[in-house]
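These protein sequences, in sequence, are chains A and B.
Start counting the first sequence at 87; every next residue gets the next number (my numbering).
Start counting the second sequence at 2; every next residue gets the next number (my numbering).
For the record, the hints were derived by calculation from the structure and aren't laboratory data.
Keep in mind that the hints are not guaranteed to be accurate.
Computed spacing ranges between beta-carbons, pair by pair [claimed, not checked]:
1) 310/A - 67/B: 23 to 31 Å
2) 255/A - 88/B: 58 to 66 Å
3) 91/A - 40/B: 31 to 39 Å
Under the rule of at most 25 Å between Cα atoms (straight-line distance), these lysine to any residue pairs were calculated in the SDA-like manner [said to hold, decoys possible]:
4) 148/A - 133/B
5) 174/A - 225/B
6) 230/B - 299/A
7) 61/B - 243/A
8) 230/B - 183/A
9) 32/B - 232/A
10) 174/A - 209/B
11) 227/B - 91/A
12) 174/A - 60/B
13) 148/A - 84/B
14) 61/B - 227/B
15) 308/A - 88/B
16) 78/B - 163/A
17) 319/A - 227/B
18) 148/A - 167/B
19) 155/A - 79/B
20) 319/A - 223/B
21) 319/A - 63/B
22) 227/B - 269/A
23) 91/A - 11/B
24) 61/B - 269/A
25) 308/A - 133/B
26) 227/B - 300/A
27) 230/B - 175/A
28) 319/A - 60/B
29) 227/B - 106/A
These figures come from a predicted structure and were not determined experimentally.
Backbone N, C-alpha and C fix where the C-beta goes; we use that ideal spot for every residue, glycine too.
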Amino acid sequence: MQMDKRERSLLGVASILLGFLFIILLKSQGVAGSQLAVQETAVPSLIQTEQENQQLSVDNEKLQLELSKYAQGQSATTLANQQLQEAKMNAGVIGVSGPGLRITLDDSKRAAIGQEDPMLFLIHEGYIREIFNALWNGGAEAIAVNGQRVTTNTEVYCSGSYIQINGTRQMPPYVIDAIGDTNTLSAALKFYGWFRLGDLQQQNGITRKLEVLNNVVIPAGKLRDYHSAKPAKEGT
Amino acid sequence: MKRWHRTLALPVTMVAIALGFLISIQAQTQKNVSAAEQISADRMTQMKSVLSNSLAQNTKLQTDHRVLLEQLDAARKKVGTDPQLLAELAQLQMVEGTQAVEGPGILISIDDRDKKVPFPLGTDDLATIINTLKFAGAEAISINGQRVIGSTAIVLSGSSTILVNEVPINRTEGIPYELMVIGDQDTLFDYFSKLEAPNLKLGGMTVSISRKTLKIASYKGTYTFKQAKPLTP
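Chain B with its partners taken away, still in its complex shape (with noise of 0.2 Å):
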C-alpha cells in the first residue's frame, strides 16, 4: 500500500467515513419506510372502505330523502289541503330553508390556493359577503352547498377547517369556495363586485362571478325551541 499517496488518504477516509454513515442510513430508513408503507396501506384500505361505506349510505339516504319528499306531497294532494295554506307554508319553507328553491342569481367562485395569498379566505371574509349579500337582497344563499340560514354559524374548528351548519365545508380538490345566490342578478351583481370583489382581489385571490339560473339545496339541519315559547299561541 505503499503506493497510495498520502494526499489521497484523507479525501478516501472521507468518502469512507460518508458512505458507511449513508449505508446505514439508508438501511434504517428502509426498514422504516416499509414498515410504515405498510401502515399507511392499511390506514389507506380501511380509510377507503369507511368513506365507500358512508358515500353509499348518503346515496341512500338522499334517495330515500327524495322519495319521502314525493310521497309526503303525493299525501298532501291526496287529502286535498287549502291551496292558499299550501303556497303560504311553501313561502314560509323557503324563508326558513328547509325547502330548496330555484331562480336566477350569481354564482361567484373564490380561489385563495394561490401561493401570493398572504391570509386564505376565513370566517370572518366569509361572514362578510354573506352580509353584504343580505343587504344587496338575496333570497336564497349557499356556501358550498350548504344553505345559509338565520341562525347559520361559520366558525372555524382546528386551524383551518370551516364549519357552516356545523358541517365542514372545506374541499379538496376543485375551486375552494363557491357562493350560489338567487336574487336579484343585477343588484347582487353590482354589490358584490363593487363591495366584496376588489378586497379579495387585493389579497391575491381570484373571483369570479357569473350570472345563472341556480338551484340551492334545503337545510338539513333542524331548528329546535326548547327555550323559546311563542308570544301569540
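So that you can see chain A by itself, here it is in the shape it has in the complex (with noise of 0.2 Å):
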C-alpha cells in the first residue's frame, strides 16, 4: 500500500489524537471510581465512632447517677449491696422467672435409610448456638438449657455423643428457655435458621417446638474463680 506523505501524516496525528483522548478517557473513568472508594471506606468507622459515643454517653449517665447517690449522701453500705445485686444479675448468678419461649430440639426417632446422612438426624452443637446468638439478637434476658444458665463463661461444644455445657454433659432433648418480649424473641429466632430446622423436620424427622409461656423460671448459673484477669483501669 503505498501512501504519500501528506496521508501518512494525516493517519498519523489522528492516531494519536485518538490514543490521547483514549488514555484522558481511562483517567477521568478511574478518578470517579477511587473516589467513591474513599467515601465508602469513610463510613463504617463513622458508623462505629457514632455507635461507641452512644453506648459511652449511656454509661456516663450511669456513672453520674451513681455518683449523685453518694453526693447526697446515701449510706454507702446500702448502695454497695443495691450495686452488688445488680451485678448478680447482670452476670447470671441469680435465678429469674418471667414471661418467655420453651424451644425443645430432639434427634428424630428415625434412622438414616440408604443414601440419607445420618448427620441430619441430630441435634447439633451449633444450632444450640445459632438459637442463643438469635435469642440474645432479640433482646433475650435470660437464657438457659437442659437446666445450664447461660453465662459469659458458658460453652457448648460438640464432643461426641453428647454436647459440653457448663462443663457437664447433656444429651437429647435439649430444652431451651428463655425469658424476654416473646414477640421480638420469636421474631428474631425466625429471622436466623428456624426455617431450616423446620426442613429438618420434615425431611427427616426431628423434633423443633416452640412454646411461649407465661412464666419461665431460669435458674442460677455458677462464678468460677477468674486466676488471669484482674480488674484494670478503663482507657488507653
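Two independent chains are provided; combine them into the complex using the hints.
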C-alpha cells in the first residue's frame, strides 16, 4: 500500500489524537472510581464512632447517677449492696423468672436410610449456638439450656455423642428456655435459621418445638474463679 | 482529492468515525466527571467534618468516663465501704464485663484479605472461635475492642458488616480481626491453635497467635431486665 507524505501524516495525527483521547477517558473514569472508594471506607468508621459515642454517653449517665447518689449522702453500704445485687443479676448468678419461650430440639426417631446423611438426623451444637445468638439478638434477658444457665463463660461444645455445656454432659432432648419479650424473641428466632430446622423436621423427623410461656424459671449460673484476669483502669 | 487511494478510504473513514465517537464520549464524561467530582468533594468535606466531630466527641466522652470512674472510686473510698464487698463487686463486674481487665492471655490476628480466600471470615466462624475459647476457659474476650459478654450476639448487618454488641467491628485498614483473650495462656494457645487455626488456614487466611499481657476494655452497653424478675430477693 503506497501512501504519500500527507496521507501518512494525517493518519499519524489521527492515531495520536485517538490514543490521547483514550488515555484521558480512562483517567477520568479512574478518578471517579477511586473517589467513590474513599468515601465508602469512611462510612464504617463513622458509624463505629457514633455507636461507641452512644454507648459511652449511656454509661456516663449511669456513672453520674451513681455519683450523685454518693453526693446525696446515701448510706454507702446500702448502695454497694444494691450494686452487688445488680452485678449478680447481670452476671447471671441469680435465678430469674418471667415470660418467655421454650424451644425443644430432639434427634430424629427415624434412622437414616440408604444414601441419607445420618448427620442430618441429629441435633448439633451449632443449632443450639445459633438459637442462642438469635435470642440474644432478639433481646433475651436470660437463657438456659437443660437447666444450665447461659453465662459469659458458657461453652456449647460438641464432644462426640454428647454436647458439653458449662462443663456438664448434655444429651437430647435439648430444652432451651429464654426470658424476654416473646414477640421480639420469636421474630429474631425466625429471622435466623429457624426455617432450616423446620426443613430438617419435615424431611428427617427431628423435633423442633416452640412454646410461648407466661412464666419461665431460669436457674442461677455458677460463678467461676478467675485466675488470670485482674481489674484494670479503663482507657488507653 | 483524486490522489487519495481507494484502499485508504475505508480505514480513514473508520478512524474518523472512531474519533468523532470518542470526542463526543469524552466531552460527556468530562462534564459528568467534573460534576461528580464536585459532588464527591462536597460530600467528602461534609463527611470529614462529621467524622472529626464525632471523633472529638468520642475522646471527650472517654475522658469524661475516666474522670467519672475516678471520682466514683474516690467517693467509695471516702465513705469507707466494706472492702470484702468491694472485692466481690469487682469480681462480679469482671464476669459481667462492665469492668476492664488485664492479665496474661493470647492475641489472635486473623487476616482474610488475601485474594485466595474464597469465603472471608463470617459471623459463624467468629461464634465458633469464641465458643472454643470459652471451652478453653477464657476469662475475658474482645473482638476488635468489643468485649464479649454472655449476651453478646454476633450478627451480620447488610452483606458484610459484622455487629458485635450492636456495634460494627469491621476495619478499613490494618489487620481485619484481632481477638484478645485473657486466661490460662497454655490452654488457650493449645486449644485455639489445634481446634480453630487449622480450619482458618485451610480457608486461605493468615492466622497469628502470640502470648501477651493484655488489657481488655469493658462492655459499654447496658443490661436491661424488663421481663426477668429475680427469684430470691
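Query raised in the report: Hints broken by the structure, by number, lowest first?
Result: Per hint list: 2, 3, 4, 7, 9, 10, 11, 12, 14, 17, 24, 29 violated.
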